[in-house]
Amino acid sequence: MNNPIENLNKIFDSRIRLGIMSALMVNAEINFNDLKELMDITDGNLASHIKTLEENSVIKVQKGFIGKKTNTTYSLTKAGEKAFRAHIEALEKMIRQTK
Amino acid sequence: MNQQQPLEDLQHIKKMMERSSRFISLSGLSGIAAGTCALIGAVVAYPYVQGRKDLFIDAVKGFDLARAGDYRMILYTWLFWIAAVTFSFAVGTAFIFTYIRSKKEHIPLWGTTAKRLMINVAIPLLVGGLFLIKLILANVTGLIAPTSLIFYGLALVNASKYTLGELRYLGYGQLVLAVINLWFTGYGIYFWAIGFGLLHIIYGFVMWYRYEKV
Numbered sequence: 008m009n010n011p012i013e014n015l016n017k018i019f020d021s022r023i024r025l026g027i028m029s030a031l032m033v034n035a036e037i038n039f040n041d042l043k044e045l046m047d048i049t050d051g052n053l054a055s056h057i058k059t060l061e062e063n064s065v066i067k068v069q070k071g072f073i074g075k076k077t078n079t080t081y082s083l084t085k086a087g088e089k090a091f092r093a094h095i096e097a098l099e100k101m102i103r104q105t106k
Numbered sequence: 316m317n318q319q320q321p322l323e324d325l326q327h328i329k330k331m332m333e334r335s336s337r338f339i340s341l342s343g344l345s346g347i348a349a350g351t352c353a354l355i356g357a358v359v360a361y362p363y364v365q366g367r368k369d370l371f372i373d374a375v376k377g378f379d380l381a382r383a384g385d386y387r388m389i390l391y392t393w394l395f396w397i398a399a400v401t402f403s404f405a406v407g408t409a410f411i412f413t414y415i416r417s418k419k420e421h422i423p424l425w426g427t428t429a430k431r432l433m434i435n436v437a438i439p440l441l442v443g444g445l446f447l448i449k450l451i452l453a454n455v456t457g458l459i460a461p462t463s464l465i466f467y468g469l470a471l472v473n474a475s476k477y478t479l480g481e482l483r484y485l486g487y488g489q490l491v492l493a494v495i496n497l498w499f500t501g502y503g504i505y506f507w508a509i510g511f512g513l514l515h516i517i518y519g520f521v522m523w524y525r526y527e528k529v
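Sequences listed follow chains X and U, in order. Per the numbering used here, the first sequence starts with residue 8, numbered consecutively. Per the numbering used here, the second sequence starts with residue 316, numbered consecutively.
I should point out that these hints are in silico values taken from the structure, not numbers from a laboratory. Check before you lean on any hint, since a few could be wrong.
Reference listing, derived: stretches of chain X covered by chain U, where coverage requires no fewer than 3 residues with Cβ under 8 Å from a Cβ of chain U [claimed, not checked]: (1) 15–26; (2) 41–54; (3) 98–105.
From a predicted model like this one, the values you see are computed outputs, not experimental measurements. Virtual Cβ for every residue (Gly too), placed ideally from N, Cα, C.
Go ahead and model the full structure; you've got the sequences and the hints to work with.
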């Protein structure tokens, strides 16, 4: 029997990154400020977590403008969505096995 | 790895999915407050609806406008102002309790989810409001209560996708009342009081009991 822990994705082992991924699963895109309010963390902290997710190609960044202000939004990549679903499945499997 | 970890992670995922897509600060107490305002409004309006008190504030002006089919005649009726004051108090008190809850849960009140909720409630309500004005001008007073219940019920069913899902049942309740009322026109004030008053209070109490009771 394979160990479900092996299927857990290291990228998602932080609560913040788990939260960002969860929010992006149910929203086509979310901008930086909304994510910040949702996670209730500082700019720098959020930026560093986003960078990790971006470097692993699970989320992508769109830079746009609302009037003259920059509006940076984030969304999941196809690979990111797949990886996160697999992560949720692995978590569920672990719960079933401990029962 | 801690045995509790996967369960907590899944709960966190679910929580963040809900928080990011639905406006979940809507307080049950808001429902109770709005319902109470509606009941008071219905009691105040009752003698006017029954014809025991004059409908027009300024009868001469009111009749003239009514005969001319001018929509401003609505402004000269007591019922319009009772409804306007009732509505303002209902929205105002509902806002206060939801504001308190959002503060308590550290969720911004005016975020993307709140905007999405407002837009989706406003669309059926605005169209319904225009329709009601037309009904009043056409003197189809028997349909005012069921029509307001129908549009409000549809607004709630629509809104339930953007806030606590249970709101859907409050919407269904309004719609059922509205449909029954269609066959009992003339008893609109009672259906109106049950729908906007009693159902709000019941819904609010259930929601408060379920999510907010400490």
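Query - Verdict on chain U covering the segment 41–54 of chain X, where coverage means 3 or more residues with a C-beta closer than 8 Å - result: holds (count 4)
Query raised in the report: At a Cβ distance under 8 Å, does chain U reach at least three residues of the segment 98–105 of chain X?
Result: holds (count 5)
Report task. Three residues minimum, CB to CB under 8 Å: does the segment 15–26 of chain X make the cut for coverage by chain U? Let me know. Result -> Result for this restraint: holds, n = 3.
When held up to the earlier numbered hints, the structure conflicts with none and fits them all.
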